[in-house]
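Please put together the full structure from these sequences, using the hints given.
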Amino acid sequence: MTKVFVSMDSAALSMGANEVAQAISDHAAKSGLDVTVVRNGSRGMLWLEPLVEVETEAGRIGYANVSADQISELIAAGFLSGAPHDSCLGLVEELDFLKNQTRITFARVGVTDPLSLVDYESHGGLKGLRNAIAMTPAKIVAEVTESGLRGRGGAGFPAGIKWNTVLNTESDQKYICCNADEGDSGTFADRMLMEGDPFTLIEGMIIAGIAVGATEGLIYVRSEYPHAIDVLNQAIAIAKEHKILGGSVLGSGLEFNLEVRIGAGSYVCGEETAMLESLEGKRGMVRAKPPIPALVGLFGKPTVINNVMTLAAVPMILADGAASYQSFGVDRSRGTQVFQLAGNILRGGIVEFPFGITLGELVNTVGGGTHSGRPIKTIQIGGPLGAYLGQESFDVPMGYESLAEVGGMLGHGGLVVFDDTANMAKQARFAMEFCAEESCGKCTPCRIGSTRGVEVIDRIVAGENQAMNLELLEDLCEVMTDGSLCAMGGLTPLPVRSALKLFPADFGIKVEVK
Amino acid sequence: MSNYSEESILNFLGPYKGDGSTILRSLQLVQDLLGYVPDSALDIIAKNSNVSRAEVYGVFTFYSDFRSTPPAKVVVKVCVAEACQASGNASLISELHDKGYDIHKGNIKDDIQMEQTFCLGNCALGPAAMVNGAPIGRATCERIFAATSAVTA
Ligand SMILES: Cc1cc2nc3c(=O)[nH]c(=O)nc-3n(C[C@H](O)[C@H](O)[C@H](O)COP(=O)(O)O)c2cc1C
Ligand code: SF4
Ligand code: FES
Numbered sequence: 001m002t003k004v005f006v007s008m009d010s011a012a013l014s015m016g017a018n019e020v021a022q023a024i025s026d027h028a029a030k031s032g033l034d035v036t037v038v039r040n041g042s043r044g045m046l047w048l049e050p051l052v053e054v055e056t057e058a059g060r061i062g063y064a065n066v067s068a069d070q071i072s073e074l075i076a077a078g079f080l081s082g083a084p085h086d087s088c089l090g091l092v093e094e095l096d097f098l099k100n101q102t103r104i105t106f107a108r109v110g111v112t113d114p115l116s117l118v119d120y121e122s123h124g125g126l127k128g129l130r131n132a133i134a135m136t137p138a139k140i141v142a143e144v145t146e147s148g149l150r151g152r153g154g155a156g157f158p159a160g161i162k163w164n165t166v167l168n169t170e171s172d173q174k175y176i177c178c179n180a181d182e183g184d185s186g187t188f189a190d191r192m193l194m195e196g197d198p199f200t201l202i203e204g205m206i207i208a209g210i211a212v213g214a215t216e217g218l219i220y221v222r223s224e225y226p227h228a229i230d231v232l233n234q235a236i237a238i239a240k241e242h243k244i245l246g247g248s249v250l251g252s253g254l255e256f257n258l259e260v261r262i263g264a265g266s267y268v269c270g271e272e273t274a275m276l277e278s279l280e281g282k283r284g285m286v287r288a289k290p291p292i293p294a295l296v297g298l299f300g301k302p303t304v305i306n307n308v309m310t311l312a313a314v315p316m317i318l319a320d321g322a323a324s325y326q327s328f329g330v331d332r333s334r335g336t337q338v339f340q341l342a343g344n345i346l347r348g349g350i351v352e353f354p355f356g357i358t359l360g361e362l363v364n365t366v367g368g369g370t371h372s373g374r375p376i377k378t379i380q381i382g383g384p385l386g387a388y389l390g391q392e393s394f395d396v397p398m399g400y401e402s403l404a405e406v407g408g409m410l411g412h413g414g415l416v417v418f419d420d421t422a423n424m425a426k427q428a429r430f431a432m433e434f435c436a437e438e439s440c441g442k443c444t445p446c447r448i449g450s451t452r453g454v455e456v457i458d459r460i461v462a463g464e465n466q467a468m469n470l471e472l473l474e475d476l477c478e479v480m481t482d483g484s485l486c487a488m489g490g491l492t493p494l495p496v497r498s499a500l501k502l503f504p505a506d507f508g509i510k511v512e513v514k
Numbered sequence: 001m002s003n004y005s006e007e008s009i010l011n012f013l014g015p016y017k018g019d020g021s022t023i024l025r026s027l028q029l030v031q032d033l034l035g036y037v038p039d040s041a042l043d044i045i046a047k048n049s050n051v052s053r054a055e056v057y058g059v060f061t062f063y064s065d066f067r068s069t070p071p072a073k074v075v076v077k078v079c080v081a082e083a084c085q086a087s088g089n090a091s092l093i094s095e096l097h098d099k100g101y102d103i104h105k106g107n108i109k110d111d112i113q114m115e116q117t118f119c120l121g122n123c124a125l126g127p128a129a130m131v132n133g134a135p136i137g138r139a140t141c142e143r144i145f146a147a148t149s150a151v152t153a
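Respectively, the protein sequence lines represent chains A and B.
Each residue of the first sequence is one higher than the one before, counting from 1 in our numbering.
Each residue of the second sequence is one higher than the one before, counting from 1 in our numbering.
Careful, some of the hints might be misleading.
As the list claims (entries may be wrong) - From the derived model, a few chain A residues whose C-beta atoms are all more than 10 Å from chain B: (1) ILE262; (2) GLU361; (3) ARG452; (4) GLU471.
Stated by the list, open to error - Simulated coverage check for chain B against chain A, where a stretch passes if three residues somewhere in it have a Cβ under 8 Å from a Cβ of chain A: (5) 33–47; (6) 140–150.
Calculated directly from the structure, the hints in this document are not laboratory data.
For clarity, every value in this text was computed on a predicted model and none was experimentally measured.
Backbone N, C-alpha and C fix where the C-beta goes; we use that ideal spot for every residue, glycine too.
So, in structure tokens, the structure goes:
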């Protein structure tokens, strides 16, 4: 039997992977060939999708950008035994793009069948959970703290400290809420993990539950991710059936239940307290903090809220030990980060590296520069609330503090590359427009300020009273930064100010920018 | 799908009876069932969840997914967020405009409705679009209309 892998990741589907998988099955059946098509996650080399991998004795041989109407030709050329072809990449795991990465969180994505527990366990799955079951809750939390793991959803708060607060808060009910709202443009790591290795997230959430004494878990997934929702629901059903979820996790007597909840098209619901409101069935209005959700969270109960990537790092930490995870990275940015190379980039997709790799290495060496072939003008890191950085920041090592030093923010690790045709006044205007569109409406600087921001930028670009309007924009940015309840209004000035500072000419500015 | 009765909706919402924390999920269920949330359903949900109509209306208007009128047979979502801007979505949007679809307004034409959306999580293969839930990467007018005609055919 020949095993052929065709990804079922949404990005692969968007390039015709379903049709390719179908064509392979059809041709094999017609020709009486013994072929099994496995629908795996994606390796993250999205520019090569649909990528077809054929299992051979030497390893998995890849064929790039395969289309359904190419299949008969490929079969005739002998691709089922790994024969050479124009589209052949050779051994996939020997490709520089993959070989140079350090895959910890994404170790299984693109390798295994996402819905096979057998695959999962034979690739190291459930080891972390088994270790956790044998440990005291305090020891699990200590392990996560020592690993140096920080929240991957944006704010970078140490996960262990958050867990410790929930562990030490008495309550008849506690919750684990996974933030899978992934609204930032340029980010898709959460989606790829949920579609490509959902058991890792489930395992991470169970460990979190055991660690803090929570029996209920919820995953809040955005409605734009129908495929991820479908895969997660299937994986949860399988985990229940095998008693990994339910009244007695792996026979430990410890209970953990898990449910998927779906968003309804609101960016601000990714903010943790707005997410709680939404999970309670209400409008996604941001709550004032304190109290923090770790003390007063879902339905007023102590709640751990973590991003998908944060929770998905946990099984490996418990399997291999805090020291192993902690050994990667730089300064206070420990472990690996899953970067998403997006926008105008030649080799777009997912890469996982220890913190410390530079921006330039990521976009040029790894990403290959722009897709258009034109020079890179700027990179927006960390989603719509992240700063635009220019060539002068290419030597900055990726880490929470090092990025903050140059006025940037890691956020969820998305890098959106723009070539020299981008107009930064337009991008700044869009940042304000987006804030106006997605503001929850609770505070004035964000709700009204963003609309005023669009108008002021328009006047600056039109050359009206530039000096005065620039001052007005600066004032507005200051009020938004200082007077907003959450980072939606509070960080929108980041992309606006950085665009203005780096590229004043795009705003048609004739006066000097301070 | 517009022939529904209060009873059928109440039946459908049965598990959520008397629970104010199910407003959002009730609205989602109704929209899954009917394709939109008719005005009368707001009263039914309020009654079932044991909250005021205003509360249901507040939730309904907060989330951009909800529709008050039936959707077209094909709904196309076109991403307008940064990564797709960087991938040149402007020309796609203007071509769609020339074909009679203003994604910012979301008008319906020939059973097709095209709407803007902020990020579909396919940001390395932009411009990104989605046709009745099926993703399209490196979207062009041709690729989008090939997918829509597969549905309308
Ligand atoms: C407007 C806004 C949107 C956010 N969107 C997300 C999101 O989509 N996913 C996410 O994990 N965190 C998001 N966050 C951050 C969360 O508030 C929170 O910090 C995070 O979920 C905590 O998990 P972590 O510690 O594992 O990062 C957002 C914050 C703001 C202000
Ligand atoms: S800053 Fe904006 S999104 Fe955040 S609470 Fe205030 S109004 Fe809501
Ligand atoms: S920005 Fe368009 S899909 Fe993410």
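Against the structure, the hints:
1. ILE262: Per Cβ check, ILE262(A) is inside 10 Å of chain B; nearest 6 Å; violated.
2. GLU361: It holds; GLU361(A) is separated from chain B by about 18 Å at its closest Cβ, greater than 10 Å.
3. ARG452: holds, 21 Å
4. GLU471: It holds; GLU471(A) is separated from chain B by about 27 Å at its closest Cβ, greater than 10 Å.
5. 33–47: With 0 residues in contact (Cβ-Cβ under 8 Å with chain A), the coverage given for the segment 33–47 of chain B is violated.
6. 140–150: violated (count 0)
Hint compliance for this structure: hints 1, 5 and 6 are broken, all remaining hints hold.
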